[in-house]
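**Q** One line per chain: the protein sequences are S and P, in this order. If you're matching positions, the first sequence starts at 1 in our numbering and goes up one per residue. If you're matching positions, the second sequence starts at 1 in our numbering and goes up one per residue.
Hints in this document: simulated from the structure, not taken from any laboratory. A quick note: this is a predicted structure, and the numbers were derived from the prediction, not measured. Note that the Cβ used here is the ideal one computed from N, Cα and C, for glycine as well. You may find that some hints are simply not true.
Selected chain P positions facing chain S (in silico; Cβ < 8 Å) [to be verified]:
1. N181
2. T182
3. K188
4. N190
5. L251
6. F252
7. L256
8. I262
9. D302
10. T306
11. R309
12. G340
13. G342
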Amino acid sequence: MTAAIRILFVDDEERILRSLALQFRRQYEVLTESDPRRALERLKREPVHIIVSDQRMPQMSGAELLAQAREVAPDTLRILLTGYSDLDAAMEALNSGGIFRYLTKPWDQQEMAFTLRQAAEIAARQVQIAVADMPTTLGNQRAALNVLLLDNDGQTLSVVAEFCVSGGHRLLRVASLNEAVAVLNNQPVDMLISDLQLAGEDTAPLLKSLAQAHPRLLSLVVTPFCDTQALLKLINEAQIFRYLPKPIRRGLFDKGLLAAAEQAQIWRAQPAQIVTRLAQVPREAREQEKVGSWLGMLGRLRERLIA
Amino acid sequence: MTTASALARLLKPVVPLAPGMSIADVADRLLTPEHKAFLSLPIVDDAGVPLGLVSRSALQDIFMQRFGRDLRGRHPVQEVMNPAPLMVSLDTSLEDAAKQITGQLQYPITEDFILVDSQGLYRGLGTVLDLLKAMEARIEQRNLVLRKALVDLKESQTQLVQSEKMASLGQMVAGVAHELNTPLGYVKNNVPLLRELSAPLFELAEAQAVLADCLGDPDCAEARLATALDNAASARESAAPELLAEDLTQLFGDTLYGLEQIAELVVGLKDFARLDRVMSEEVDLNDCVRSALVIARNAIKDKAETHLRLGELPRIPCAPSQINQVLLNLLNNAAQAIEGFGQILVKTWADDSAVFISVQDSGRGMPADVLARIFDPFFTTKPVGQGTGLGLSISYKIIQEHGGQIRVASQPGRGTRFLIRLPRPQAAPLQRSA
Numbered sequence: 001m002t003a004a005i006r007i008l009f010v011d012d013e014e015r016i017l018r019s020l021a022l023q024f025r026r027q028y029e030v031l032t033e034s035d036p037r038r039a040l041e042r043l044k045r046e047p048v049h050i051i052v053s054d055q056r057m058p059q060m061s062g063a064e065l066l067a068q069a070r071e072v073a074p075d076t077l078r079i080l081l082t083g084y085s086d087l088d089a090a091m092e093a094l095n096s097g098g099i100f101r102y103l104t105k106p107w108d109q110q111e112m113a114f115t116l117r118q119a120a121e122i123a124a125r126q127v128q129i130a131v132a133d134m135p136t137t138l139g140n141q142r143a144a145l146n147v148l149l150l151d152n153d154g155q156t157l158s159v160v161a162e163f164c165v166s167g168g169h170r171l172l173r174v175a176s177l178n179e180a181v182a183v184l185n186n187q188p189v190d191m192l193i194s195d196l197q198l199a200g201e202d203t204a205p206l207l208k209s210l211a212q213a214h215p216r217l218l219s220l221v222v223t224p225f226c227d228t229q230a231l232l233k234l235i236n237e238a239q240i241f242r243y244l245p246k247p248i249r250r251g252l253f254d255k256g257l258l259a260a261a262e263q264a265q266i267w268r269a270q271p272a273q274i275v276t277r278l279a280q281v282p283r284e285a286r287e288q289e290k291v292g293s294w295l296g297m298l299g300r301l302r303e304r305l306i307a
Numbered sequence: 001m002t003t004a005s006a007l008a009r010l011l012k013p014v015v016p017l018a019p020g021m022s023i024a025d026v027a028d029r030l031l032t033p034e035h036k037a038f039l040s041l042p043i044v045d046d047a048g049v050p051l052g053l054v055s056r057s058a059l060q061d062i063f064m065q066r067f068g069r070d071l072r073g074r075h076p077v078q079e080v081m082n083p084a085p086l087m088v089s090l091d092t093s094l095e096d097a098a099k100q101i102t103g104q105l106q107y108p109i110t111e112d113f114i115l116v117d118s119q120g121l122y123r124g125l126g127t128v129l130d131l132l133k134a135m136e137a138r139i140e141q142r143n144l145v146l147r148k149a150l151v152d153l154k155e156s157q158t159q160l161v162q163s164e165k166m167a168s169l170g171q172m173v174a175g176v177a178h179e180l181n182t183p184l185g186y187v188k189n190n191v192p193l194l195r196e197l198s199a200p201l202f203e204l205a206e207a208q209a210v211l212a213d214c215l216g217d218p219d220c221a222e223a224r225l226a227t228a229l230d231n232a233a234s235a236r237e238s239a240a241p242e243l244l245a246e247d248l249t250q251l252f253g254d255t256l257y258g259l260e261q262i263a264e265l266v267v268g269l270k271d272f273a274r275l276d277r278v279m280s281e282e283v284d285l286n287d288c289v290r291s292a293l294v295i296a297r298n299a300i301k302d303k304a305e306t307h308l309r310l311g312e313l314p315r316i317p318c319a320p321s322q323i324n325q326v327l328l329n330l331l332n333n334a335a336q337a338i339e340g341f342g343q344i345l346v347k348t349w350a351d352d353s354a355v356f357i358s359v360q361d362s363g364r365g366m367p368a369d370v371l372a373r374i375f376d377p378f379f380t381t382k383p384v385g386q387g388t389g390l391g392l393s394i395s396y397k398i399i400q401e402h403g404g405q406i407r408v409a410s411q412p413g414r415g416t417r418f419l420i421r422l423p424r425p426q427a428a429p430l431q432r433s434a
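The shape of chain P in the complex, shown without the other chains (with noise of 0.2 Å):
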């Protein structure tokens, strides 16, 4: 609707001429202001179907010669005209129109086009200039859809990469909380079993104290003093602390010990999430690995036996929080690709132009289809609703804007590897030497 009506849009009512008007009459015609902007006017015969187009360079190519006008000047026009003139029809669309012309029209340009209706009937003359505007116009249109479109893309890929990371978040702090619960079970029974073993501890003190006053008061009665002896007997029989000492030692040890996990827990999180620091000071990424490993090892722990080779490695600068979200995906992707019980082995080390992370599980593996997909946003083997396809995409693009690469290598049945170079900054050492 709307590209047929811009032809119309475009139509100018010029009054055709008549096939046996001659050629001089046209030449006056052409000279008069109101058909000053075209190139060539319509010959069309009773019935109303165009026979033509007679140009204004055929007229000057014939009054040019010497007595032309006094010579032809009276012929009909029909022997000068263009006896097959760019016809095109009004419900054809503005691209469709311009195809037609820009296909058939030559160099230079010398004629406007005829647009007759849907029965081939003249209906008025269209000029080359008008369709170009026309067709500007379009595409300024279409370039502020396009521009829209790609604004709209960008900030859903904004969104979606923002939900992946919230997922992951999730994932991990999830994890976190449930690798809390068995120091926290252990810690938060062992407290009250404390208090609870203790408890004759004081009263052995007590029955003691009496006791020492007894023994050291030179006016107390034998009878006191007896009573004194037996009950602090039998208050150090109850309280059994020979046997009690062994059980208190192993309850405050473990304690700690569930105590020292929660805080280390902690710590890891906070590091992990050290949020979006933006490209950091210089990293050991062997604590990157560690602090990954600690929030994973609960996805870990039932899946597969994790082995470090961790490596001397030379400070990177880096934003460890990213490389952190990569780690964690790598070692959840490994722990997820193990049937049964399998073996992840981690391995870190450095040559002198880069420093290198591998990460290799003894999982399913997968396909040289899958694998050749692996990194392509929203690409999955998941089911639905468990991954959101731009776990590794992510990681792919944050190795590369860290300049480095994420190469995997895969065989079905036996693992995957992935390999991740991180180039080490080349400059300093040689401004240090100079």
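Chain S extracted, bound-state conformation (with noise of 0.2 Å):
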């Protein structure tokens, strides 16, 4: 066992810290801040594994603070906790604080303790790598990435596509999720930027098997649609990069292309095994069955990955 996991939790309710620490103060090292401002003095002071941030504080929101956050302590793992569905504080959360996982209150103990274990997991594995130090930035070699586009719309190709010449990738389209498989399984790909729809299927069950199958392929979604909800799985089953409506912000999109490739090009720098990412797998039956049947159709992907 390797030295203990310091969660942080911040809340401006100091019951819920109390009642956090008091749960999970035997597996982890708990720490807590009802002030976000003096939770991000102590991440630049101390290691931190994990942080939990509530959404609405009186000093600062929680997607802003885990946003500084990663700044701070990047390699820290975020997770949101909040009462509140409201889609631009998911969307600023994700897009900006690269959460981990999205929990709402009031919280499933047994799903809270699942998570943070998920969590700290992957941390003990980020601990190692640290050890082994492993690059984190880039210097002057970048590869070609592949890009594979699943969507029909007009001004999301162009974008890509004009995204794909200026940094010398390859775009690869297609018309339907089967052929997205077929591709898939053909060679490796390195970045997905997917509508929830294409030619009237679900994207979603794929984008979820793909988390699991291959952990490092970064998902930019692109959608008109806006649930909160919905986000929320993807956050939490897709572990999706980006999450972007439609109409495109030009900005917004090229911000999230570029940050997507920096970070395929960090991961294709490091060797195979070590993954830090870990997607949730759905929770409803049905759901379930359309992952597990599109991870069946992926398979070969995966023998291929684990070779």
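Assemble the dimeric complex from its two separately framed chains, guided by the hints.
**A** Below you can see the structure in the form of structure tokens.
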């Protein structure tokens, strides 16, 4: 067993902090802060593996805190715990805060424990990587990436095509989910840009199964569809990298693509067995089934990854 | 189309007179029953072009003179006709025709008007009375349409007011539901924790009971007693009741506090939504302020710090749910006006004549042109779909219906202050002193 995993809980309600501390103090080293500004100070001073923050606090929002936490301590896993189903906050927490999970209040004790256990496993792995001193920034070497596009929208295509040309990446286009699976089984794919609908099919189950089969694949979802619950599941179960509303806002989209490319390059430079992501398996039986069947079709991909 | 045929419906195809017809013959013609209804008869040339009108009164003037008929009876009618009669084209609308006729007619009315076609040729006569009747019918019809429009308008206004109410109710319910999440979150977490933490206490009690039995039994073997002592000691060590006591006390305290919070919210919601209980008993407006704040807390908490300066208030009769609606609206607006984190100050006080509530924020304030319109229905500065623009206009109406006033002062960049004045009932103290 390595050094204890340190978890920092941030909430403006002390009773929440006390309750969580009492629940987890036996498994982890629990830290608590009721003021997000003090939480940031703490992140600068001492190592924290996981930060769990409330969304609505007087001094700053949880999404803001997590975005700043990413700057201060990029390796700390970020989890948002909120009673509010606020799409903008969820989008900000994902796009700027790069959150690992989005949990809702009142939370389920088992689920919270499970999520923290998953996060702790990843954190423990990261600790080992840090010991091995892996490069987390890139030198000059830039590999050409494979970018798969699952969206028929002309505007999306033109932005992604331009990004691929200027970055020297390969753009792969498909018209259906089956074609997508064929492409994914034939070659490594680094980035996936997808609407939630492709030729009348729901792409979410495929995204979720990819998160399990290929945790390093970076998915950017572009959609006209705005639903906090759907986004929440995409964060927790598909580990999407960005959620971008349609009609496309150019600056936001470009930034997302560049950030994804940067991340993909870093991962390419690292050995394959080091995976710092872990998606949650969907809870609904029907959805689990769908994800499972995509996983079966992606079998060859998995085999190749393991080999 | 309908207006053109409206004039055609007034048309009476009176046979016109030739210009050379004698005055005496015209007089005879005027006496026939089919011409009884007309004040005048048209004179038209061979080509059908109207030349003038000869009126009953013109002939009467002649005949009233001594020997009038004898002297002028043979003269052609052309001599006594009005050569510039009222001529209205058939394709004129009823309204325009009425305007033209009332503009040119003179008192007393002695003539009818000539209806001509688009070429200016004679088609018939129209009478002023028929025109009046047609106008009256038209106005009646218009009134019906207007009345229906008014009813529709009132209905849609009621619907809008209702939907504003539903919107603010929905906002309120969502706010309270979210507000419940926090205490519910830790209470829900604490209860299983309490069970888990207190489990070792039962084991300790059990081990100590066994030990007590041993001690009370004179036949108890040494070995059994030793085991019981050991068990009790280790149960005690693992339960660590001294340490546990602190945790349990804290957990119980927090849990109770959370339940009280939940209860307070539910009671607040109930108080708040004493739905449409019309003019209620005597109400302390400070209670309204407090219950509106409980409901608005969620909208405010990450936007502003709230300061309360509630003075002693006499109870006044009012509809508390409506006053609550106004206060919630003002508090939500105040929170929304604040960029970053600011202050909201709620003050209440009273003088001999009235009770006052002031809601002041340190928000962005409003320029004069916005300020002038904020109580107008449908005026909103929020993006489409985010505000009905009815909140303040309804608040205004509610306060007005209570016989009070709502006023606003604002300074861009400094903040906004709303002041509500509700009158105290005046008659009561006088009667009592008498």
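**Q** Broken hints, numbered, in rising order?
**A** 6, 7, 8, 10, 11, 12 and 13
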